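Q: These protein sequences, in sequence, are chains A and B. Using our numbering, the letters of the first sequence correspond one by one to residues 23 to 559. Using our numbering, the letters of the second sequence correspond one by one to residues 23 to 559.
What the hints contain is simulated information worked out from the structure, not anything from laboratory work. Since the structure is predicted, the reported quantities are computational estimates derived from the model, not experimental observations. A virtual CB, placed ideally from N, CA and C, is assigned to each residue, including glycine. Hints are supplied without guarantee of correctness; some may be wrong.
[Unchecked claim] EDC-like cross-link-like pairs, simulated, lysine to aspartate or glutamate; straight-line CA separation at most 20 Å: (1) K88(B) with D181(B); (2) K485(B) with D533(A); (3) K513(A) with E68(B); (4) K436(A) with D474(B); (5) K515(A) with E497(A); (6) K271(B) with E292(B).
[To be verified] Every beta carbon over 12 Å from chain A, so not counted as near; a handful from chain B, in silico: (7) L40; (8) E113; (9) D326; (10) E504; (11) T553; (12) K559.
2 protein chains.
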Amino acid sequence: MAYSDLHEHLKTLEARGLLRRVTQPINKDTEMHPLVRWQYRGGIPEEERKAWLFENVTDARGRQYKMPVVVGTLAGTKEIYYLGMGCETIEQVEAKWDRALAQPIPPVCVERAACQEEVHTGDELKQDGFGMDEFPVPISTPGFDNAPYTTCSHWISKDPETGVQNVGNYRGQLKTRARVGVFPSGLGQDIYIHWKKMQAQGKALPAALVIGAPPAVSYAAVQKVPYGMDELAVAGGLVGEPIRVVKCKTVDLVVPAEAEIVIEGYISTEFIEPEGPFGESHGYMHPRQLNPFMDVTAITHRRDAVYVSWISQVTPSESSVIKKTGYELMFLRHLRDECRIKSVLRVEMHEPLTNLRKLIIIQMRRPSEAEVWRALHAAASFHPGVGKIVVAVDEDIDPANEAAVFWAMCYRMKPHRDVQIVLGMEKGHAPPFHYKDREEGTDVVSYHLPADDSGMLCNAIQKEPFPPISLPKREYMEHARELWEELGLPKLKPEMPWYGYSLGQWDDELDEEANLAVQGRYYETGEKLATQRVKAK
Amino acid sequence: MAYSDLHEHLKTLEARGLLRRVTQPINKDTEMHPLVRWQYRGGIPEEERKAWLFENVTDARGRQYKMPVVVGTLAGTKEIYYLGMGCETIEQVEAKWDRALAQPIPPVCVERAACQEEVHTGDELKQDGFGMDEFPVPISTPGFDNAPYTTCSHWISKDPETGVQNVGNYRGQLKTRARVGVFPSGLGQDIYIHWKKMQAQGKALPAALVIGAPPAVSYAAVQKVPYGMDELAVAGGLVGEPIRVVKCKTVDLVVPAEAEIVIEGYISTEFIEPEGPFGESHGYMHPRQLNPFMDVTAITHRRDAVYVSWISQVTPSESSVIKKTGYELMFLRHLRDECRIKSVLRVEMHEPLTNLRKLIIIQMRRPSEAEVWRALHAAASFHPGVGKIVVAVDEDIDPANEAAVFWAMCYRMKPHRDVQIVLGMEKGHAPPFHYKDREEGTDVVSYHLPADDSGMLCNAIQKEPFPPISLPKREYMEHARELWEELGLPKLKPEMPWYGYSLGQWDDELDEEANLAVQGRYYETGEKLATQRVKAK
Numbered sequence: 023m024a025y026s027d028l029h030e031h032l033k034t035l036e037a038r039g040l041l042r043r044v045t046q047p048i049n050k051d052t053e054m055h056p057l058v059r060w061q062y063r064g065g066i067p068e069e070e071r072k073a074w075l076f077e078n079v080t081d082a083r084g085r086q087y088k089m090p091v092v093v094g095t096l097a098g099t100k101e102i103y104y105l106g107m108g109c110e111t112i113e114q115v116e117a118k119w120d121r122a123l124a125q126p127i128p129p130v131c132v133e134r135a136a137c138q139e140e141v142h143t144g145d146e147l148k149q150d151g152f153g154m155d156e157f158p159v160p161i162s163t164p165g166f167d168n169a170p171y172t173t174c175s176h177w178i179s180k181d182p183e184t185g186v187q188n189v190g191n192y193r194g195q196l197k198t199r200a201r202v203g204v205f206p207s208g209l210g211q212d213i214y215i216h217w218k219k220m221q222a223q224g225k226a227l228p229a230a231l232v233i234g235a236p237p238a239v240s241y242a243a244v245q246k247v248p249y250g251m252d253e254l255a256v257a258g259g260l261v262g263e264p265i266r267v268v269k270c271k272t273v274d275l276v277v278p279a280e281a282e283i284v285i286e287g288y289i290s291t292e293f294i295e296p297e298g299p300f301g302e303s304h305g306y307m308h309p310r311q312l313n314p315f316m317d318v319t320a321i322t323h324r325r326d327a328v329y330v331s332w333i334s335q336v337t338p339s340e341s342s343v344i345k346k347t348g349y350e351l352m353f354l355r356h357l358r359d360e361c362r363i364k365s366v367l368r369v370e371m372h373e374p375l376t377n378l379r380k381l382i383i384i385q386m387r388r389p390s391e392a393e394v395w396r397a398l399h400a401a402a403s404f405h406p407g408v409g410k411i412v413v414a415v416d417e418d419i420d421p422a423n424e425a426a427v428f429w430a431m432c433y434r435m436k437p438h439r440d441v442q443i444v445l446g447m448e449k450g451h452a453p454p455f456h457y458k459d460r461e462e463g464t465d466v467v468s469y470h471l472p473a474d475d476s477g478m479l480c481n482a483i484q485k486e487p488f489p490p491i492s493l494p495k496r497e498y499m500e501h502a503r504e505l506w507e508e509l510g511l512p513k514l515k516p517e518m519p520w521y522g523y524s525l526g527q528w529d530d531e532l533d534e535e536a537n538l539a540v541q542g543r544y545y546e547t548g549e550k551l552a553t554q555r556v557k558a559k
Numbered sequence: 023m024a025y026s027d028l029h030e031h032l033k034t035l036e037a038r039g040l041l042r043r044v045t046q047p048i049n050k051d052t053e054m055h056p057l058v059r060w061q062y063r064g065g066i067p068e069e070e071r072k073a074w075l076f077e078n079v080t081d082a083r084g085r086q087y088k089m090p091v092v093v094g095t096l097a098g099t100k101e102i103y104y105l106g107m108g109c110e111t112i113e114q115v116e117a118k119w120d121r122a123l124a125q126p127i128p129p130v131c132v133e134r135a136a137c138q139e140e141v142h143t144g145d146e147l148k149q150d151g152f153g154m155d156e157f158p159v160p161i162s163t164p165g166f167d168n169a170p171y172t173t174c175s176h177w178i179s180k181d182p183e184t185g186v187q188n189v190g191n192y193r194g195q196l197k198t199r200a201r202v203g204v205f206p207s208g209l210g211q212d213i214y215i216h217w218k219k220m221q222a223q224g225k226a227l228p229a230a231l232v233i234g235a236p237p238a239v240s241y242a243a244v245q246k247v248p249y250g251m252d253e254l255a256v257a258g259g260l261v262g263e264p265i266r267v268v269k270c271k272t273v274d275l276v277v278p279a280e281a282e283i284v285i286e287g288y289i290s291t292e293f294i295e296p297e298g299p300f301g302e303s304h305g306y307m308h309p310r311q312l313n314p315f316m317d318v319t320a321i322t323h324r325r326d327a328v329y330v331s332w333i334s335q336v337t338p339s340e341s342s343v344i345k346k347t348g349y350e351l352m353f354l355r356h357l358r359d360e361c362r363i364k365s366v367l368r369v370e371m372h373e374p375l376t377n378l379r380k381l382i383i384i385q386m387r388r389p390s391e392a393e394v395w396r397a398l399h400a401a402a403s404f405h406p407g408v409g410k411i412v413v414a415v416d417e418d419i420d421p422a423n424e425a426a427v428f429w430a431m432c433y434r435m436k437p438h439r440d441v442q443i444v445l446g447m448e449k450g451h452a453p454p455f456h457y458k459d460r461e462e463g464t465d466v467v468s469y470h471l472p473a474d475d476s477g478m479l480c481n482a483i484q485k486e487p488f489p490p491i492s493l494p495k496r497e498y499m500e501h502a503r504e505l506w507e508e509l510g511l512p513k514l515k516p517e518m519p520w521y522g523y524s525l526g527q528w529d530d531e532l533d534e535e536a537n538l539a540v541q542g543r544y545y546e547t548g549e550k551l552a553t554q555r556v557k558a559k
């Protein structure tokens, strides 16, 4: 097998110094996620963030779990994500995604699989210490969440007509030892299509909830791919060979052979139940809604299973890092390749806090004005609820730097000409919610968002020649950097702009004067300027 | 004397570890400002930034200067600015400003002054090594600036009718040893009013250019105060006693007795000359324009004079830090006290890059909708060219955190209802410039900006109840912080939001479920929810 399973990936992280082992007892219900949260809300720079391995997990009932919990191991930082993809750079990651989406490789079925080293079925699932009791599922948002929820939580189901499987990542609420709530987060998800088709046949939907898998499977599970494309085949494309899968014990589905944990069962299509609230990635508590649930028929897992949890609340978080690169690439391909707007250089799905979906920055090289508007409208209309504020910036603006984006908006935009409001949007993955409306049908099944929100498109592209950025020319800044280092001063991480460059409004006379100045010959310029005096009015 | 002069202030900085001495030779024309620039564009966190003292200054002509140069000593960081104000906290600074503006104290005249320990007049000023040659004036933007410019550069002039002096900080271009260009940066400055009044009398305007002064004088020089209020009296109000002043040698003006350097002279009101380009605080090269100039009649200075230079290009910079607190306080007083919008809590004049003027964030506590709009319009109309994008945010949004501001804009704003475009603005202190238009009169004297720009007002205030922020409740985060510290992990600097809190949409049932969950009793909730099943549609 040429691709890593999670255990090999953890070894890689540890060898790189990117895994933090916690040996002291940690309560999964009250301590674990708050502790890791500080890594993202405590001003800890990216390079000091790590993945976490909790070796001694307890809970609010005083239980001790044999199984360790890992958090942040798939995308705790960009570097961790790159390593999980088997890459060192963002360019390599993008190349792998390009290949995977263009050339998916279907999975291959094996007979014996690690994920079925232990198998539990029937009444055993409802006994104390069995069923979902086996797993140290942490509470993500203690004080607000009403249960532990699975978060690295890949739901596999199948289109009953085509037989094509789908893998999607949706939270799972622990309701009892043998019942798990599922929140397919809106009507657009593939599993909902499967659910509706089975409902039409009067049958429950067979499903498998996979927790922990070879990293490539997890990365594919959160990527948005066209309906009918099997994410396991995309994962195969990512690793360049078929993902090994095994047949489930009680449902007609296949799951990754090296998965950590598999929960098999049937999702009722007859009834729905209250589910939530759960602290979601949009930064607010997602409200209680009526949602499907699964009655568990089998649980299988590796003997050395590791429970994998993601943080997916206020960004930055693991769930945002894991999606960011894929989303950005998808938008870039859409704008640049499908809409053929060749001036698009880069698409930044912004976080922190805004959660990738709401603020999009499009970096462009010398676009025509109409191209700018086409790019802005195309970005705002590509996905529902994505692209509420979209800003086009020039090549010299770092789209990941909010201050630089505001700078472009302030100096390169006249709002009455360069801002357009787009009506008819829905609010998407965002509050406010009106959970009390559930009596009136505001739930996943009869959930129709009104189009009463709007978007704002900002053309912050430079429209006419500007004078140079008022920083020393590059050669002086580079020389000064050597001086800085000679002086033994703190390590520099240059931020754009860090040197001056022309934006079209400069000429030979000014250039010559600047050259005289750095030679100490500025009085010559002063004498010249005196000859250009005019009468003051 | 109860207030510090610059030399005492430098000792305070050094004692606090906030002064970086550079003993190796540094070229003032090519090396000095680029080196300090890295402190602001090199990813160096605020707490590692310092003031700089260059003890061995050379120039492009190979000269060595006896006089040292300091950069960043008045506002290289907020802490340095607080110390210069004789304060430890922002609250103390604000209290001093409040007192100074309410109770200015006129200066007191003395006979003998340190700033006149050396006096040079007449032809001597034009000899090699004299006149402006005495001073190691650095080039701010090597490669673009056409000369060294004075930057900590306080111009003193007097209203010929009222006799009231004004101190304003405007750059001074070294044109010859005895001629300095002045850029009063727009028609609104007080010195321009003096200049027009003297022009009407057919006389030149007497002026004194003060470089380096007791810190309080410098802080007052950059503060915007009403016309006719003497900044030296404001400085007196800041320090709680009269500023000591002395009569100039060749012009009828008084200057701070402890100033480092004073350049006396007459500004022609008959002629204007090309001046600039110079790298300005708006982040672009300010173009050449026709501007006044001063013929020098005397130079006086302390025997131990230190040349003071500010960095005032791309923000963050010393020139932005030195203005920020005063500007914010002025806007807060305007909105909260003069316009009586009591819900205004704080005004953030944003930088970096946007340069304080263009982006304003107003933090408000539970405002009515009309109050929000009144605050937004009042902020945008208070000063010309200030407040192009103005955003109102709630109390829980950190207005200094751009990501948080974007977060509020994305989730608490429907642009079609909550954004207003304001027509009829001028572009203010910003490009584009059309310096080639100078033949057509685009200069300081006949300079009229068209009102063809616009502003954008954003009401990002929460309009209806939201569910809680999806982070663990404060008690769990605080406990986890203790765990974090026990584990010896990197030092935390919490960023808002770092815990969850309700925004109005939460109820007792959900609270009870969350309490059960952290006790490990979540299956009870699961059983309850099963009783609330409904038929799926």
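Q: Run every hint past the structure and note whether it holds.
A: So, going through the hints one by one against the coordinates:
Between the alpha carbons of K88(B) and D181(B) the distance comes to roughly 37 Å, so the proposed pair goes past 20 Å and is violated. Between the alpha carbons of K485(B) and D533(A) the distance comes to roughly 53 Å, so the proposed pair goes past 20 Å and is violated. Taking the CA atoms of K513(A) and E68(B), the gap is about 14 Å. The hint holds against a cut of 20 Å. With a C-alpha separation of about 8 Å, the suggested pairing of K436(A) with D474(B) holds against the 20 Å cut-off.
Proximity of K515(A) to E497(A) is assessed by CA-CA distance (about 17 Å); at most 20 Å being required, the pair is judged to hold. Restraint check: the Cα-Cα separation between K271(B) and E292(B) comes to about 24 Å, which exceeds 20 Å; the hinted pair is violated. Against chain A, the non-interface label of L40(B) holds: every CB pair exceeds 12 Å, the least being about 14 Å. No Cβ of chain A comes within 12 Å of the Cβ of E113(B); the nearest lies about 23 Å off, and the non-interface call holds.
No Cβ of chain A approaches the Cβ of D326(B) within 12 Å, the least distance being about 25 Å, so the stated non-interface status holds. For E504(B), the non-interface assignment is contradicted: its Cβ lies about 10 Å from the closest Cβ of chain A, within the 12 Å cut-off. Annotated as non-interface, T553(B) brings its C-beta within 12 Å of a C-beta of chain A; the closest such distance is 9 Å. Listed as a non-interface residue, K559(B) fails to keep its Cβ farther than 12 Å from every Cβ of chain A; the least gap is roughly 5 Å.
Consistency note: the structure conflicts with the earlier hints numbered 1, 2, 6, 10, 11 and 12.
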